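Chain Y: place on chain R using the hints.
Residues per chain, in single letters:
There are 2 protein chains.
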Amino acid sequence: MNVTLLGGTGDIGEALALRWARDTDHTVVVGSRDAERARERVADYERALSDYGADGDLVGCGNAEAAARGDVVVCAVPAYHLTDTIDAVADSLEPGDVLVSPAVGIKHDEAGAHYNRPGAGSVTALADRAAPEGVPVVGAFHNLPAAPMADLDFEIDADTPVVGDDESAVATVVDLVEAIEGLDARRAGGLANAAEVEGLTALLINLGKHDRDLHDVWVRFD
Amino acid sequence: MNVTLLGGTGDIGEALALRWARDTDHTVVVGSRDAERARERVADYERALSDYGADGDLVGCGNAEAAARGDVVVCAVPAYHLTDTIDAVADSLEPGDVLVSPAVGIKHDEAGAHYNRPGAGSVTALADRAAPEGVPVVGAFHNLPAAPMADLDFEIDADTPVVGDDESAVATVVDLVEAIEGLDARRAGGLANAAEVEGLTALLINLGKHDRDLHDVWVRFD
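Chains as they are written, first to last, in the numbering used here: chain R, 1 to 222; chain Y, 1 to 222.
The shape of chain R in the complex, shown without the other chains:
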């Protein structure tokens, strides 16, 4: 399977690319608005994998080509670029592809981080509105700290909630979550339940501000 990371050159993109490259046999397609930048980052990721004694199947290209190649397409871009990014690749997506949205809207004030809920209900719902007909959207990876995830020596022991209305698409993403060593998927229902998943990220940021040990915090539900 080809797993594409649009905006795969950013922090969470890097983390997911390295983990999937190491832990799965999938081809990880790293997309960027700048194809040359995507290729440079893939070279960085390959060096990082080699430094960790691992390898993987990675390729870098522009976002549209990356979307065309992907069976699962993760929009690893900030919330304010999400709709633009999906619009820019919409013609490259095919019915049956699965679009994954990990973005969260956060606003900061003197008290801390707050969930900036879009009028659509959630950022994941914004992705769903922007997605072409026949391309289901699944929300996942909203609450993961990119830095320790990109450190392949770090042993993950955490959960990530998954939301979506299309059961087959959700199952595909659950498999992709659980292909990452130590990471477990927790189903939280349909897209209408995405706001509470995204809001958790603001809570995690606030916990990290008050406890250095929680700066890169993971969550376990049990």
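Using 35 angstroms as the maximum straight-line C-alpha spacing, the simulated DSBU-like pairs for lysine-lysine come out as follows:
| hint | chain 1 | residue 1 | chain 2 | residue 2 |
| --- | --- | --- | --- | --- |
| 1 | Y | K209 | R | K107 |
| 2 | Y | K209 | Y | K107 |
| 3 | Y | K209 | R | K209 |
| 4 | R | K209 | R | K107 |
| 5 | Y | K107 | R | K209 |
| 6 | R | K107 | Y | K107 |
Derived from the structure by calculation, the hints contain no laboratory data.
What you are looking at is a predicted structure, and each value in this text was computed from that prediction instead of being measured.
Using the frame of chain R, we list chain Y on its own:
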């Protein structure tokens, strides 16, 4: 110290009463709108403690008397009774008392549970608006499953976020949290950050609907 549970006859009230009675030397004051009902429930709690081979210092009375006795007063009532309950006991609270709000507003639809955010910003903020001058409000215990917590054989291994603007009051509540065996307080900042703490409860309910093992779910941040 006297720790009061307004609405201490309900599910989360019972859970906190049993844990504090067993795990601390504090007097646990169980309040109810019906003083006789409070005394009956205290008899139930004493029997339960005895069944678990434990004991504790419990007393039952009406909410106003319970509030007057308490150094820390926990509003263990549903969100829709919160303001009324605080108003009804306001004359019994003294400056320096600490008011604790564990209530969360949840609405349910066909998709699942959703955080029903009040116009005040959070339910904890509603408690703060209703509290008398000089009585600081701290948010805590929002995300705890009452049933396993009331089972004293169950070994807790979980976190609860704590929010508040008054550092001394927060420290008092953090100590009360951590006096419960296996439960750790996690500071999440000021009252303005309460919404994300309360919203987590809706996520937990949704997780429980999709995974029987998460029906009574706890959270660990690490």
